[in-house]
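If you read the protein sequences in the order shown, they are chains R and Y.
Note that this note's numbering numbers the first sequence so that position 61 is 61, with each residue one more than the last.
Note that this note's numbering numbers the second sequence so that position 52 is 52, with each residue one more than the last.
Just so you know, the hints here were simulated from the structure itself, not pulled from any lab data.
Glycine included, C-beta positions come from ideal geometry on N, C-alpha and C.
Please note that a few of the clues may not be correct.
Stated by the list, open to error - Between beta-carbon pairs, the in silico distance windows are:
| no. | chain 1 | residue 1 | chain 2 | residue 2 | range |
| --- | --- | --- | --- | --- | --- |
| 1 | Y | Gly168 | R | Asp53 | 45 to 55 angstroms |
| 2 | Y | Phe207 | R | Lys26 | 22 to 32 angstroms |
| 3 | R | Lys26 | Y | Ser155 | 36 to 46 angstroms |
| 4 | Y | Ala116 | R | Val8 | 23 to 33 angstroms |
Stated by the list, open to error - Only part of the chain R face toward chain Y is listed, based on derived beta-carbon distances under 8 angstroms:
| no. | residue |
| --- | --- |
| 5 | Ile5 |
| 6 | Lys6 |
| 7 | Val10 |
| 8 | Ala18 |
| 9 | Val25 |
| 10 | Thr29 |
| 11 | Met33 |
| 12 | Ala36 |
| 13 | Asn107 |
| 14 | Gly123 |
| 15 | Ile142 |
| 16 | Asp144 |
| 17 | Trp147 |
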Amino acid sequence: MKESIKLVVVLTIICTIAGALLAVVKDVTSESMQAAAQKEKNDAIKKVLPTCDNDPVADAIALDVNGIVWTFFVARDSNGFLGAAFESTSSKGYGGDIAIMVGVNANGTVQAVEVLSHKETPGLGAWISGEAFRSQFVGRSIADTSWAVAKDGGDIDQITAATISSRAVTEAVKAGLDIYTAHPKSFSHISAKGAPQ
Amino acid sequence: MKFWKELVKGLWKENPIFRLVLGMCPALAVTTSVENSLGMGLAATFVLICSNAVTSLLRNLIPAKVRIPCFIVVIATFVTIVDMLMDGFAHELHKSLGIFIPLIVVNCIILGRAEAFASRHPLWLSIADGIGMGAGFTLGLVVLGATRELLGAGSITIWGHLKWTLVGYEPMILMILAPGGFIALGCLLGGMNHLQARAAKRRGTIFSPPAHLDCRSCTMCTFGK
């Protein structure tokens, strides 16, 4: 009996100290953790959009399509609307969700694609974040491209031995681009001054 | 002198991967590239040193019956602290190592060293053991990772800067998939036994590898019998 009380007491003390330590560290780091995550997203938005005068995050507009809200980060300068960036996610990756950030010009062609997060196989599917694969999307629009990987008869060259990952990224780009292209009115009245209220 | 002995034993004589054959789950999972191996090795080394130090300090306070839960709590706490600190202050590094850090908790080398060494030795020897075992683990991972990346991807890239390519080599994709990990590990273990057997022969002694790694006590095949 005496021994088991000692066991409980020691274990409780160790766990309490560990818990307190973790709480302190969490408190110290949580702010910079959130800031870092936000900064990462903002950097990706900046990378895929043309140079602009405004803050695309502050001027974002939301489109509700069939219950799914798409956020478009709008870029503009003194000449008016330049393009928009959107985040798109595919659940059809080989190892889980693939999140990408796509920048589109005012005329509906892809400006750049960045991979935000993925869990694909290192050395195979992970090459979706490589320049060689991503740059294929640049300059393409919904109308002039067959949006499928070459193996399925489309225009996008899949990564060797990573067709599933390549297919998922292609679908994610197309999904957002479809929304953007189908709602020209949401963007056409953006002027140099800002989005209409 | 004793400090030095504990420090270097992990590199070859008691190498965690090739001699103790511990921590195989992360070893096979992350060694698809040199970059991942190095990151996992360094993160595990840090946790190993910290957990060895704390375990050694607490070794007289922890009752034998609950020592395993106590060690696990200490290890999990350090891993979570590393995870949070890295996420907050070294976000880029955290992004490339992110998935490996929680894996360190289940790395049996760390629990193994706490149980087999740190709970029985004073602080400074335990720290030496942590540094040596961590370095040996890192070395083993990097050798395994280099073999697999070179054969499986045809080139070695470290954080985008250093790059070596095998010219005119068609990459054997199998090597960076799970089976390639087992194949590479088996070949490296065999090679290491062979080298040691030859060195022992030259000295006129007989080399006996740990029984579970010895081809002579294995019944899987008849090679060399």
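Structure-based check of each hint:
Under the hint 45 to 55 angstroms, the C-beta atoms of glycine 168 of chain Y and aspartate 53 of chain R, about 51 angstroms apart, fit the expected range. Taking the beta carbon of each, phenylalanine 207 of chain Y and lysine 26 of chain R are about 51 angstroms apart, not inside 22 to 32 angstroms as hinted. Under the hint 36 to 46 angstroms, the C-beta atoms of lysine 26 of chain R and serine 155 of chain Y, about 40 angstroms apart, fit the expected range. The given range of 23 to 33 angstroms is respected by alanine 116 of chain Y and valine 8 of chain R, whose C-beta atoms sit roughly 26 angstroms from each other.
The criterion of a C-beta within 8 angstroms of any C-beta in chain Y is not met by isoleucine 5 of chain R, whose closest approach is roughly 11 angstroms, and the hint is violated. Residue-level restraint check for lysine 6 of chain R holds (minimum Cβ-Cβ distance to chain Y is 6 angstroms; threshold 8 angstroms). For valine 10 of chain R, the shortest C-beta to C-beta distance to chain Y is roughly 6 angstroms, which falls under 8 angstroms, so the interface hint holds. The interface hint given for alanine 18 of chain R holds, since its Cβ lies 4 angstroms from the closest Cβ of chain Y, which is under the 8 angstroms cut-off.
Because the beta carbon of valine 25 of chain R sits about 5 angstroms from the nearest beta carbon in chain Y, less than 8 angstroms, this interface hint is met. At its closest, the beta carbon of threonine 29 of chain R sits 3 angstroms from a beta carbon of chain Y; the interface hint therefore holds under the 8 angstroms criterion. For methionine 33 of chain R, the suggested interface contact is upheld, since its CB lies about 5 angstroms from the closest CB of chain Y, less than 8 angstroms. Hint status for alanine 36 of chain R: holds, given a least beta-carbon distance of 4 angstroms to chain Y, under 8 angstroms.
The restraint placing asparagine 107 of chain R at the interface with chain Y is violated, with a minimum CB-CB distance near 33 angstroms, outside the 8 angstroms limit. Restraint check, glycine 123 of chain R versus chain Y: the minimum CB separation of about 4 angstroms is within 8 angstroms; hint holds. The closest approach between the C-beta of isoleucine 142 of chain R and any C-beta of chain Y is roughly 32 angstroms, which is over the 8 angstroms cut-off, so the hint fails. Evaluation of the aspartate 144 of chain R hint against chain Y yields a violated restraint, the C-beta minimum of about 33 angstroms exceeding 8 angstroms.
Because the beta carbon of tryptophan 147 of chain R sits about 27 angstroms from the nearest beta carbon in chain Y, more than 8 angstroms, this interface hint is broken.
Hints 2, 5, 13, 15, 16 and 17 from the earlier list are contradicted by this structure; the remaining hints agree with it.
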